[in-house]
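*Asks:* Single-letter residue listing:
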Amino acid sequence: MTSMTPELNPKSSKAKARSPFQDSLRTFRKSKLAVIGTIIVVFFILLAIFGPLIAPQGINEQNFKLKLQSPSSEFWFGTDVFGRDIFSRVVLGSRLSLMVGFASVAISIIVGSILGILAGYYGRWVDTIISRFFDILLAFPSILLAIAIVTALGPSLFNALLAIAIVNVPNFGRLIRSKVLSIKEEEFITAAKAIGMKDSRILFTHVLPNSMTPIIVQGTLAIATAIIEAAALGFLGLGAQAPAPEWGKMLSDARVYLVNAPWTMIFPGLAIMLTVLGFNLMGDGLRDAFDPKMKN
Amino acid sequence: MNKRKSLTFVLLLVLVLSTILAACGSKKEEGGKGSGGDAKEKTLVYGRGADSVKLDPSAVTDGESLGVTKNIMETLINFGEGSTELVPGLAEKWETSKDGLTYTFELQKGVKFHDGSDFNAEAVVKNFDRWMNGNAESNPYFQSMFGGFKGEKNAVIKEVKADGDDQVVMTLNHAQAPFLKNLAMTPFAIASPTAFEKDAKGFEKNPVGTGPFKFVEWKRNDAITLEKNKDYWQKGLPKVDKLIFRSIPDNSARLNALTSGDIDIADGINPSDAASIEGNADLQLFKRPSLNVGYLGLTVTRKPFDDKKVRQAVNHAIDKKAIVEAFFEGQAEVAKNAMPPVIQGFNDEITDYEYDPEKAKKLLKESNYDGKEIELWAMPVPRPYMPDGQKIAEAIQKNLEDIGMKSKIVNYEWGTYLEKASKGEADAFLLGWTGDNGDADNFLYTLLDEDNIGSNNYTYFKNDKTHKILKQAQIEVDEDKRAALYKEAQEILHEEAPWVPLAYSTPLLAGNKNIKGFNPHPTGSDRFDTVEVE
Numbered sequence: 001m002t003s004m005t006p007e008l009n010p011k012s013s014k015a016k017a018r019s020p021f022q023d024s025l026r027t028f029r030k031s032k033l034a035v036i037g038t039i040i041v042v043f044f045i046l047l048a049i050f051g052p053l054i055a056p057q058g059i060n061e062q063n064f065k066l067k068l069q070s071p072s073s074e075f076w077f078g079t080d081v082f083g084r085d086i087f088s089r090v091v092l093g094s095r096l097s098l099m100v101g102f103a104s105v106a107i108s109i110i111v112g113s114i115l116g117i118l119a120g121y122y123g124r125w126v127d128t129i130i131s132r133f134f135d136i137l138l139a140f141p142s143i144l145l146a147i148a149i150v151t152a153l154g155p156s157l158f159n160a161l162l163a164i165a166i167v168n169v170p171n172f173g174r175l176i177r178s179k180v181l182s183i184k185e186e187e188f189i190t191a192a193k194a195i196g197m198k199d200s201r202i203l204f205t206h207v208l209p210n211s212m213t214p215i216i217v218q219g220t221l222a223i224a225t226a227i228i229e230a231a232a233l234g235f236l237g238l239g240a241q242a243p244a245p246e247w248g249k250m251l252s253d254a255r256v257y258l259v260n261a262p263w264t265m266i267f268p269g270l271a272i273m274l275t276v277l278g279f280n281l282m283g284d285g286l287r288d289a290f291d292p293k294m295k296n
Numbered sequence: 001m002n003k004r005k006s007l008t009f010v011l012l013l014v015l016v017l018s019t020i021l022a023a024c025g026s027k028k029e030e031g032g033k034g035s036g037g038d039a040k041e042k043t044l045v046y047g048r049g050a051d052s053v054k055l056d057p058s059a060v061t062d063g064e065s066l067g068v069t070k071n072i073m074e075t076l077i078n079f080g081e082g083s084t085e086l087v088p089g090l091a092e093k094w095e096t097s098k099d100g101l102t103y104t105f106e107l108q109k110g111v112k113f114h115d116g117s118d119f120n121a122e123a124v125v126k127n128f129d130r131w132m133n134g135n136a137e138s139n140p141y142f143q144s145m146f147g148g149f150k151g152e153k154n155a156v157i158k159e160v161k162a163d164g165d166d167q168v169v170m171t172l173n174h175a176q177a178p179f180l181k182n183l184a185m186t187p188f189a190i191a192s193p194t195a196f197e198k199d200a201k202g203f204e205k206n207p208v209g210t211g212p213f214k215f216v217e218w219k220r221n222d223a224i225t226l227e228k229n230k231d232y233w234q235k236g237l238p239k240v241d242k243l244i245f246r247s248i249p250d251n252s253a254r255l256n257a258l259t260s261g262d263i264d265i266a267d268g269i270n271p272s273d274a275a276s277i278e279g280n281a282d283l284q285l286f287k288r289p290s291l292n293v294g295y296l297g298l299t300v301t302r303k304p305f306d307d308k309k310v311r312q313a314v315n316h317a318i319d320k321k322a323i324v325e326a327f328f329e330g331q332a333e334v335a336k337n338a339m340p341p342v343i344q345g346f347n348d349e350i351t352d353y354e355y356d357p358e359k360a361k362k363l364l365k366e367s368n369y370d371g372k373e374i375e376l377w378a379m380p381v382p383r384p385y386m387p388d389g390q391k392i393a394e395a396i397q398k399n400l401e402d403i404g405m406k407s408k409i410v411n412y413e414w415g416t417y418l419e420k421a422s423k424g425e426a427d428a429f430l431l432g433w434t435g436d437n438g439d440a441d442n443f444l445y446t447l448l449d450e451d452n453i454g455s456n457n458y459t460y461f462k463n464d465k466t467h468k469i470l471k472q473a474q475i476e477v478d479e480d481k482r483a484a485l486y487k488e489a490q491e492i493l494h495e496e497a498p499w500v501p502l503a504y505s506t507p508l509l510a511g512n513k514n515i516k517g518f519n520p521h522p523t524g525s526d527r528f529d530t531v532e533v534e
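The listed protein sequences derive, respectively, from chains E and H.
Residue numbers 1 to 296, in the numbering used here, belong to the letters of the first sequence in order.
Residue numbers 1 to 534, in the numbering used here, belong to the letters of the second sequence in order.
Simulated from the structure, these hints should not be mistaken for laboratory data.
Glycine included, every Cβ here is placed at the ideal spot set by N, Cα and C.
Take these hints with a grain of salt, some might be off.
Pairs of lysine to any residue, SDA-like flavour, derived with a Cα cap of 25 Å [said to hold, decoys possible]: (1) K420(H) <-> I147(E); (2) K287(H) <-> Q331(H); (3) K150(H) <-> V111(H); (4) K158(H) <-> N173(H); (5) K67(E) <-> D402(H); (6) K321(H) <-> G51(E); (7) K398(H) <-> D199(E); (8) K391(H) <-> Q57(E); (9) K420(H) <-> P155(E); (10) K161(H) <-> L101(H); (11) K462(H) <-> D402(H); (12) K462(H) <-> D451(H); (13) K287(H) <-> G51(E); (14) K93(H) <-> D526(H); (15) K67(E) <-> L101(H); (16) K65(E) <-> K235(H); (17) K398(H) <-> T38(E); (18) K321(H) <-> K205(H); (19) K239(H) <-> T225(H); (20) K513(H) <-> G51(E); (21) K235(H) <-> E401(H); (22) K362(H) <-> F346(H); (23) K398(H) <-> I147(E); (24) K406(H) <-> N260(E); (25) K67(E) <-> T351(H); (26) K391(H) <-> N210(E); (27) K481(H) <-> T351(H).
Chain H regions said to be covered by chain E (calculated; three or more residues, Cβ under 8 Å) [what the hints assert, rightly or not]: (28) 316-328; (29) 393-407.
With beta-carbon atoms standing in for the labels, derived distance ranges [claimed, not checked]: (30) L46(E) <-> N221(H): 43 to 49 Å; (31) N260(E) <-> E413(H): 42 to 48 Å; (32) S72(E) <-> E278(H): 41 to 47 Å; (33) G279(H) <-> G154(E): 39 to 45 Å; (34) G415(H) <-> R255(E): 39 to 45 Å; (35) E532(H) <-> I54(E): 47 to 53 Å; (36) N260(E) <-> E532(H): 28 to 34 Å.
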């Protein structure tokens, strides 16, 4: 499964000149759900990039004469109590949700990787300190910890992003640590040490690239969780602040009109559901494709 | 192997048994609650939007605290049902001297406090001593209504003396027209001196009075439980055995609790839900007579609102009509003055600042506004004068953005919000006021006079002219002359614009069909002694 040891994989030796990566890609493509997930994810990424071109309105064009209009050809998703076009807000909101998803996971991967590598490679007291730190973070229910952090920092989208990143650090850290523990016993590491390579070089050119696969899989799944957590914080008023079109906040604002104007709630809710579903399906597909244990 | 198996079995058995026992335990507790005392015990649960701050009425100004204490402690004079007309309370009758400086009160006989001590003239004197020796921090409302504390220049009350057991004589430094109305306000309810002398600090958590209900317990942010005072001096009252005030901050959740039968009366109904309640055969809709104003306060001691032009610009910028239509759904009138039109002295000749963003921009340009982002504070809980502060703030935010003033919406927990705002820490803040005695003084002087900076004047507005007029109006006994003074004050307040008055709302409540005898009082504090549950 790693590029350094292709000959160890008996399956790949049958097909000529097919790398393990291509092999995985094939498995991934064969899975219908994974492809659907990827399509959804790509769709939302495009929506986020080209949002301003697609959305007929800005995020905060209030017009009380048009408040709570049901979906029509003019307002595809209806309007909210401020008379704002919900379609535009959902489209533009994709930016916030994806941004929080990607950025927070990127931060957790970076921080988690560094801590995980240090813990796994050096072991002993470094490992003890870092691992106990992870244990402490993991002892809290994640959303509760995120709420606590945001309460301390003050409610804003950026602080919510930070909180979600912090909450996810131990997941990545532990993953990398266990991976490093097994890699550092490999012969090529011993070889690198034998020729006098510096620790930092070993870590970043040999150990890290070889632990990337589970990170990518875990990362995709973590984006889904991060988006849900951001929406939850937004719903509680601890994430994005008015007038940002954050989906969770839109849901919370729409609660009052659940009976009279259900569309104010349905569309942001659907958007959250779809993106999360997309990332989850894609993540599951990636895991099936890259995890050697899952291969048939 | 066998041993291990049996150990696992025993452990499993313990686990299952403990689950069953735990289930039994909670069941038992539940049963105890319901069948506790009398089988016919009647409980009334009132759901409201926020918890009380303190249960010592003399130490607070917020409606949720006063709404509870009104049922525990009583005032010398009461307001009539559904109005602010004065009727006897703990004082059977009263007389005023010709010069308006001496008031003699004849007290009810045979009344006892919940702790068994006697209610008499001495108890009344001790209560007044407690208030008069307080300070702005401990007794903010006393300062607002009676000019100041013992020995201060502006203090209205000179001394309060007992004449025998059943007579109290109050001497004033100078006449005060709304004196009796002020005495009828919930904050000036008579507490048991034995209780507050024994534990001055703990009194706010354990109030003792003469009222129809006795205090039982207070679970913060959850519920306050009161029980029937069996020895209540008015025979036949109260009609329910238990009165519970439950805090449910979310309007929709509160309405759900009402439909599911968890509560009997729900305060703070969303105007948008009114129609569905009227269409529901199991519920009834109550309208509280309007005696309030919801406003956006502009703290005049803070930049940029220290400049009158900026304040006027904001007044022109906000589309009040749209806000009132969207968020009050017809259950409110657009406000233009700092007091509602039902009050005598309302100045209807004032032309309100019209919604005109262009004019606002021009004014802002002429002002010394530096383009800095301001903080716009929005109340976190629904209030009778403003059902959804967060959304109204969002609308205002947009209005301000349109004239080039950036703002950030800021939230605090309700108690903190009031405390910080009263210290003048907000740039612009949403707030409102429900009149406590139906007098213009209780709006204009209480909310916008320099004497009340630090208590109820959250904008820190100070103006020599209005101060003089408002003080004069307090002494003026002639009703027409008094009204004229208040009209003049409103003109100056309109020009100086420390507020953007937003709405005079008609607060909505809903109750189960089986609630009888509930008449929401305009002051926002209700007495539940005559309410029945069928």
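*Asks:* All the hints need checking, so say for each whether the structure fits it.
*Replies:* Status of the hints after comparison with the structure:
1. K420(H) <-> I147(E): Roughly 23 Å between the alpha carbons, so the hint for K420(H) and I147(E) holds.
2. K287(H) <-> Q331(H): holds, 9 Å
3. K150(H) <-> V111(H): It is violated: about 28 Å lies between the C-alpha atoms, which goes past 25 Å.
4. K158(H) <-> N173(H): holds, 5 Å
5. K67(E) <-> D402(H): holds, 19 Å
6. K321(H) <-> G51(E): It is violated: about 33 Å lies between the C-alpha atoms, which goes past 25 Å.
7. K398(H) <-> D199(E): Not satisfied, since the Cα-Cα distance of roughly 56 Å exceeds 25 Å.
8. K391(H) <-> Q57(E): This hinted pair holds, its Cα atoms lying about 20 Å apart.
9. K420(H) <-> P155(E): holds, 18 Å
10. K161(H) <-> L101(H): holds, 14 Å
11. K462(H) <-> D402(H): Outside the cut-off at roughly 29 Å; violated.
12. K462(H) <-> D451(H): holds, 9 Å
13. K287(H) <-> G51(E): violated, 46 Å
14. K93(H) <-> D526(H): Holds - the C-alpha atoms of D526(H) and K93(H) are around 23 Å apart, at most 25 Å.
15. K67(E) <-> L101(H): violated, 57 Å
16. K65(E) <-> K235(H): violated, 55 Å
17. K398(H) <-> T38(E): Roughly 38 Å separates the two Cα atoms, so the pair is violated.
18. K321(H) <-> K205(H): violated, 42 Å
19. K239(H) <-> T225(H): Holds: K239(H) and T225(H) sit about 16 Å apart, inside 25 Å.
20. K513(H) <-> G51(E): violated, 51 Å
21. K235(H) <-> E401(H): With a Cα-Cα distance of about 60 Å, the restraint between K235(H) and E401(H) is violated, given a limit of 25 Å.
22. K362(H) <-> F346(H): violated, 30 Å
23. K398(H) <-> I147(E): Judged against 25 Å, a Cα distance of about 28 Å means the pair is violated.
24. K406(H) <-> N260(E): Violated, at roughly 32 Å.
25. K67(E) <-> T351(H): violated, 28 Å
26. K391(H) <-> N210(E): Status violated; Cα separation ~51 Å.
27. K481(H) <-> T351(H): holds, 22 Å
28. 316-328: holds (count 6)
29. 393-407: Holds, because 6 residues of the segment 393-407 of chain H bring their Cβ atoms closer than 8 Å to Cβ atoms of chain E.
30. L46(E) <-> N221(H): 43 to 49 Å: holds, 45 Å
31. N260(E) <-> E413(H): 42 to 48 Å: violated, 29 Å
32. S72(E) <-> E278(H): 41 to 47 Å: violated, 28 Å
33. G279(H) <-> G154(E): 39 to 45 Å: holds, 43 Å
34. G415(H) <-> R255(E): 39 to 45 Å: Since G415(H) and R255(E) have Cβ atoms about 24 Å apart, the given range 39 to 45 Å is violated.
35. E532(H) <-> I54(E): 47 to 53 Å: violated, 60 Å
36. N260(E) <-> E532(H): 28 to 34 Å: holds, 33 Å
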